[in-house]
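Student: For the protein sequence lines, the chains are A and B, in the order given.
In terms of the numbering used here, the first sequence opens at residue 1 and continues consecutively.
In terms of the numbering used here, the second sequence opens at residue 1001 and continues consecutively.
To be clear, the hints were calculated from the coordinates, so they are not data collected in a lab.
Glycine is no exception: its CB is placed at the ideal position from the N, C-alpha and C atoms.
Check before you lean on any hint, since a few could be wrong.
Going by beta-carbon spacing under 7 Å, a handful of chain B positions derived as facing chain A [what the hints assert, rightly or not]:
id	residue
1	V1061
2	P1080
3	Y1090
4	V1094
5	D1095
6	F1098
7	G1110
8	L1114
9	Y1186
10	D1229
11	D1230
12	D1233
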Amino acid sequence: MSVFLSSLGFGIISAAVLAIATVGFTMQFAVTNVLNLAYGSVMINSAFVTYFLNIHGHLNAWVALIGGVATGSVASYLLNRFVYTPFQRRNLAPITIVIVALGVDLCGTFGLQAIVGGSYFTYRQSQGREWHFLGMYFSTLQLTIIAIALGVMIAVAWLLRYTRLGKAMRATSANPNLARNSGVRTQSVISTTWLISGALAGLAGTVFAMNTGVFEATSAQLYIVLLLAAMFLGGPGEPYGAMLGAATIGIATELSAAFINPQYKMVIAFVILLGMLTFRPYGLFGSERTA
Amino acid sequence: MSVELSTQGQVLSASQVSAGYDGRAIVHGIDVEATPGRVVSIVGPNGSGKSTLLKSLVGVVPVLGGSVSVGGTDITNVPPERIATMGVGYVPQVDDVFPPLTVKENLEIGGYLLPRHQVHERIGAVLEFFPRLKKMMTRKAGKLSGGERKMLAMGRVLMLSPSVLVLDEPTANLAPLVATQLLEEYIRGFADAGSTVLLVEQRAKAALRISDWTLVLGGGRVVLSGRPDDLADNPVFVESFLGGGAHR
C-alpha cells in the first residue's frame, strides 16, 4: 500500500508537469492545425535558458523561470512565423508539416547538445522541506509545481471560456473561414496562440527540469510520447481533455514504474496512446470531427 | 418584423467576375448587381458555380478576373475579415456555425467587431427576432436541429447589423415548412426592411417567389437572367427548373 501511495504521489507531480505541457501542446494543435513535434525541444531549450539565468545570471530559479517562459513563447512564435507558416502557405500535405516539425525537434535538441555538451545539469534551488499527506510525500518544490499547474489550468479555462481572445481561439479552431467572415483576424489569433502555448512549453520545460533535479539536452526527447498520449486520451485539440489526459497518463506511468518496471514508463504511455487511437481516436472529450 | 437588425442596404456589385481555386476559374465573367430592398437570387444545377461565386464576393475564394464592390468601395480580393467590417454578412451553405461553441458564444463571435458593451444588447435584439434561440443559449451549436442551426447562422450575421446579406442555400436540409418560413418571412423581410439580399437557392420555385431578380447559372456562366415572372414564362427555365423531375 505504501508503494502504491508513494507512486501515486510521484504520479500527481508528473501529471502536474504533463498537464502544463499538454494544455499548451493541444491548444497549439487545435488553433494552428500544426502537430508541433518540436514542442519537447522548445521545452528543454527553455529549461536551459532558466538554467543559465539561474547559475550564470545568479538569479533565483523562480525569477529565472520568467526567462524560460519568455524563451518558449518567442521561440514558438518565431518557429511558426519562419518555419511552419511558409510550409503551410504552400498547401502541402499535413504529413509534410509533421516531418518538418520532427526535423526542427532534432535540430533543436541536438543543436542544444552541441552547445551545452552531454553533461548533466541542475538548478541552484532548494527542494524545501518534506510534507506528508495520506501516505504520500511531497517536497515544497513539488507542491509549488502542483500549485502552478492548478493555476495554469484555471487560467487557461478562464481564458478560453470567458475572454474575447479565448472565444476567438475556439472559433478559429472550429471553423477558421467562418471566424474570418465574422471579422476575427485569425492570423493574429494564431500568432497569439503560438505565444501563449510557447509560454506554457517554456514553463513546462523549466518545472520538468526542476522536478527531475538533474537534466541534460536530450531529457525531453521522449516526452513527446507522453504529450501525444495525454492529448489523444483527452481528445486532440481539447484543452479540458488534455488536463484529464495528463492526469491519467502521469499517474498511470508512475504506477506502472512502481509495479512493473521503471523502464516501461514510456511503453505504458505508448500502449495507452495506441489503445485510444484504436478504440476512440477522438479521445474522451473530443468528437469525431477532431479525430 | 423588427427592422433594427439590419441597416439600410448598400449596392453589392460584381462586374465580369471570374473566380476559382488554384488559379483555375470555376465561374467566368459574371455580372451581378444586388440593390437595397431587393432579393437577388441565383439558381442553377449542382456544380454550376453558385457557391464559388458567392465565396468570391465575400473574399473566401480568390477573384481571378473582374471586380467586386460594396457601396462603391472596391472589395476585390479583400480578406473576409475586412469585408465583414463593411457590412457584408455571409452565411455559408455548410459549416455555418461553430459547433463546439454554445449558441450564446456563436452570437458573441458574430458580434466580435462590436464594442464590448454593445454585444449583449445586440444579442437581445437577435433573440427577439429568433425567440426559439432564447431557450438554447447554453446549448452547443453542434447539438441543434437543422432549422435551429440555420436560425443561429442567420442570427450570427445579424449581430453586426449587416447592410448586405449573402446567403448560400439557407434552406438546405430544412423541412419544407421551415424552409418556406425562412425564405418568405425572414429573408424577404430583410429586403423589405431595406437590406440588400443576395441568395443562392436550390429550391428554384421558392426562390422565385421571394426574388426581385434571378440569375440562372450553368457551367460557371450566367445562362439566363430576369424578373421572376419573366423567367417563369421562359420555356427553357420552366423545363430545366420548374417542370418535371427538376421541380423543387
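Student: Look at each hint and say if it fits the structure.
Tutor: Outcome of the hint check:
Hint status for B/V1061 relative to chain A: violated, with the closest Cβ pair at about 10 Å, above 7 Å. Hint on B/P1080 holds. Least Cβ distance to chain A is approximately 4 Å, under the 7 Å limit. Taking 7 Å as the C-beta contact cut-off toward chain A, the hint placing B/Y1090 at the interface holds, the least distance being around 5 Å. Because the closest C-beta pair between B/V1094 and chain A is about 10 Å apart, greater than 7 Å, the hint is violated.
The closest approach between the C-beta of B/D1095 and any C-beta of chain A is roughly 5 Å, which is under the 7 Å cut-off, so the hint is satisfied. The beta carbon of B/F1098 comes within 4 Å of a beta carbon in chain A, closer than 7 Å, and the hint placing it at the interface holds. Given hint, B/G1110 at the interface with chain A, holds; its Cβ is 6 Å from that chain's nearest Cβ, closer than 7 Å. Restraint check, B/L1114 versus chain A: the minimum CB separation of about 9 Å is more than 7 Å; hint violated.
Look at B/Y1186: its Cβ only gets to about 19 Å from chain A, farther than 7 Å, so that hint breaks. Because the closest C-beta pair between B/D1229 and chain A is about 33 Å apart, greater than 7 Å, the hint is violated. Checking B/D1230 against chain A: minimum C-beta separation of about 33 Å lies over 7 Å; hint violated. For B/D1233, the suggested interface contact is broken, since its CB lies about 37 Å from the closest CB of chain A, more than 7 Å.
Of the numbered hints stated above, those contradicted by the structure are hints 1, 4, 8, 9, 10, 11, 12, listed in ascending order.
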